[in-house]
Amino acid sequence: MRFEIMRLDEVDGTPVDSTVVDAASVNRIVQQAAAIGQRLWIRPTEPTAS
24 MRFEIMRLDE
34 VDGTPVDSTV
44 VDAASVNRIV
54 QQAAAIGQRL
64 WIRPTEPTAS
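Each residue of the sequence shown is one higher than the one before, counting from 24 in the numbering used here.
It is worth saying that the hints were derived from the structure and are not from the lab.
All figures in this text were calculated on a predicted structure; none of them were measured in a lab.
Ideal placement from N, C-alpha and C gives every residue a C-beta, glycine not left out.
Among the hints, a few may not be true.
Quick list of the computed label-pair ranges, beta carbon to beta carbon [as the list claims (entries may be wrong)]:
hint, residue 1, residue 2, range
1, Glu27, Gln54, 17 to 23 Å
2, Pro70, Glu33, 28 to 34 Å
3, Val34, Glu69, 25 to 31 Å
4, Glu33, Gln54, 17 to 23 Å
Sequences are here, hints too, so could you generate the full structure?
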């Protein structure tokens with residue numbers, strides 16, 4: 024499963040950038056964000072047709 028992770032602006036909470044990662048990478052990114060107090064929005068992405 025893949026997830027879109029959006030980094031949010033500290034002031035108004037608007038997304039400033041996003042990336043799509045696999046489930047194994049989500050924990051690492053969340054840990055890094057928590058260490059510096061960064062706000063994230065994480066949601067599953069739609070599967071792409073092959």
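Consistency of the hints with the structure:
1. Glu27 x Gln54: 17 to 23 Å: holds (18 Å)
2. Pro70 x Glu33: 28 to 34 Å: holds (32 Å)
3. Val34 x Glu69: 25 to 31 Å: holds (30 Å)
4. Glu33 x Gln54: 17 to 23 Å: holds (19 Å)
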